[in-house]
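Line by line, the protein sequences are chains A and B.
1 is the number of the first residue of the first sequence in the working numbering; add one for each residue after it.
169 is the number of the first residue of the second sequence in the working numbering; add one for each residue after it.
Hints may be right or wrong, so weigh each one.
[Claimed, not checked] So the derived label-pair ranges between C-beta atoms look like this:
| # | chain 1 | residue 1 | chain 2 | residue 2 | range |
| --- | --- | --- | --- | --- | --- |
| 1 | B | 218 | A | 4 | 26 to 36 Å |
| 2 | B | 241 | A | 146 | 42 to 52 Å |
| 3 | B | 314 | A | 30 | 51 to 61 Å |
| 4 | A | 69 | B | 294 | 22 to 32 Å |
| 5 | B | 207 | A | 86 | 28 to 38 Å |
| 6 | A | 23 | B | 204 | 32 to 42 Å |
| 7 | A | 29 | B | 207 | 49 to 59 Å |
[Said to hold, decoys possible] Sample of chain B residues lacking proximity to chain A, with all beta carbon distances greater than 10 Å (derived):
| # | residue |
| --- | --- |
| 8 | 206 |
| 9 | 215 |
| 10 | 220 |
| 11 | 231 |
| 12 | 241 |
To be clear, the hints were calculated from the coordinates, so they are not data collected in a lab.
Using N, Cα and C, we set each Cβ at its ideal position, and we do this for glycine too.
Protein chains: 2
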Amino acid sequence: MIFTTKAEYGVRLLVELGRQPSDQPVSLKAISEAEGLPLAYLERIAALLKKAGVVAATRGAHGGYRLARDPAAITMDEVVLALEGVVAPMACFIDDSTSERGVLCSHTDDGGETCATKLLWMRVHGGVLRALAGTTLAELIAFADHGPTVPTAATISGAPPPALQSHL
Amino acid sequence: MIFTTKAEYGVRLLVELGRQPSDQPVSLKAISEAEGLPLAYLERIAALLKKAGVVAATRGAHGGYRLARDPAAITMDEVVLALEGVVAPMACFIDDSTSERGVLCSHTDDGGETCATKLLWMRVHGGVLRALAGTTLAELIAFADHGPTVPTAATISGAPPPALQSHL
DNA sequence: GCTTTTCCGACCGCATTGGTAGGATTACCC
DNA sequence: GGGTAATCCTACCAATGCGGTCGGAAAAGC
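Use the sequences and the hints to build the structure in full.
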């Protein structure tokens with residue numbers, strides 16, 4: 001059960017954009033070098049974020065990407081949704097908060113028997129969505145800056161990661 | 169972002185076992201026919217649940233599986249963990265609540281830079297785990313029995329699924 | 001016109017998933 | 001003891017999706 005690297009890279013991209021002081025666009029090349037991510041792959045990811053209206057692009061030399069909105073107004077649920085396509089705990093789980101019908105399983109129609117797992121996936125889905133919607137890009141940027149104050153060793157070994165605790 | 173059908177089928181299997189009135193073992197063949205699941209695949213799934221101590225098997229004729237514990241004492245976090253192997257929102261996310269170290273990303277070690285997404289995946293992971301750990305098999309069984317009282321039509325179309333609401 | 005950038009579509013190797021096949025082993029029952 | 005119903009176990013397989021590459025077109029600055 002995992003998100004793909006699209007979500008990972010996409011969020012890293014956004015954070016990097018958000019860290020930029022000015023409003024000038026940043027090229028993907030710069031970001032791919034800074035983060036160690038493949039440029040060609042990043043392009044496709046950036047395209048998804050652009051289509052979702054999270055990011056705006058300027059073509060041509062000295063062009064690049066910049067955030068389309070204030071980082072505090074960008075929540076992770078919309079970001080991850082844009083990147084992953086759907087956010088569902090199970091293949092047969094059709095989201096729908098948009099489309100007004102209840103959540104439904106693909107095999108609900110075979111006779112009225114609601115499959116027993118629906119309650120479980122509903123809860124998991126809710127948990128994920130709550131976590132995503134409750135996290136803004138601004139928080140992640142702040143975390144990336146001030147969060148891991150502990151240099152190196154303490155972050156790797158040692159009991160509960162000290163800096164994280166307060167952010168949960 | 170999905171769980172695989174192993175989790176789905178495994179939970180369905182457990183629910184079916186829990187619905188059985190007596191303590192007599194039920195054969196997988198019976199369950200595979202009742203739920204419409206491939207027998208050979210179910211066998212492998214049942215093996216996982218047995219190894220995890222959730223289910224007990226009796227071999228030979230008139231044998232089968234039965235729950236190893238009271239349904240109220242079986243939480244979904246242990247079930248899904250047994251079926252899926254790991255429960256993590258991202259490939260680089262090493263769980264560890266067992267091993268005493270903080271959560272760590274596979275690319276944490278490359279220079280002290282905690283990747284910015286860690287906070288996000290921590291929250292998502294927490295949300296999923298809370299949903300899983302907070303759901304017992306007993307609840308799912310009860311839901312499968314009394315939950316979907318609404319026959320057919322209302323479950324498929326029509327606004328928020330009425331029966332679900334109270335169980336969230 | 002050259003360079004830097006976004007844009008776009010096709011392609012590809014690889015791992016995992018979902019499932020099958022075939023048999024060995026155990027135990028009940030006549 | 002022999003048939004039969006069940007768990008067990010290992011190997012195999014097709015399809016899919018993921019992560020990534022390649023090549024080029026279009027736009028904009030210098």
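Against the structure, the hints come out as follows:
As the Cβ distance of residue 218 of chain B to residue 4 of chain A is approximately 32 Å, the hint placing it in 26 to 36 Å holds. Checking the proposed 42 to 52 Å range against residue 241 of chain B and residue 146 of chain A shows it holds: the Cβ atoms sit about 43 Å from each other. Evaluation of the 51 to 61 Å hint for residue 314 of chain B and residue 30 of chain A yields a pass: the beta carbon distance comes to about 59 Å. Range check, residue 69 of chain A to residue 294 of chain B: about 27 Å between beta-carbon atoms, so the 22 to 32 Å window is met.
At about 30 Å, the beta-carbon gap between residue 207 of chain B and residue 86 of chain A stays in the expected band of 28 to 38 Å. Taking 32 to 42 Å as the suggested C-beta distance range, the pair residue 23 of chain A and residue 204 of chain B does not conform, at roughly 57 Å. Between residue 29 of chain A and residue 207 of chain B, the C-beta spacing of about 54 Å keeps the proposed range 49 to 59 Å intact. Listed as a non-interface residue, residue 206 of chain B keeps its Cβ farther than 10 Å from every Cβ of chain A; the least gap is roughly 14 Å.
No Cβ of chain A approaches the Cβ of residue 215 of chain B within 10 Å, the least distance being about 20 Å, so the stated non-interface status holds. Listed as outside the interface, residue 220 of chain B is consistent with that label: its C-beta sits roughly 16 Å from the nearest C-beta of chain A, beyond the 10 Å cut-off. Consistency note on residue 231 of chain B: stated as away from chain A, and its beta-carbon is indeed over 10 Å from all of that chain's, at 24 Å minimum. Every beta carbon of chain A lies more than 10 Å from that of residue 241 of chain B, the smallest distance being close to 17 Å; the non-interface claim holds.
Of the hints listed earlier, the one the structure fails to meet is number 6.
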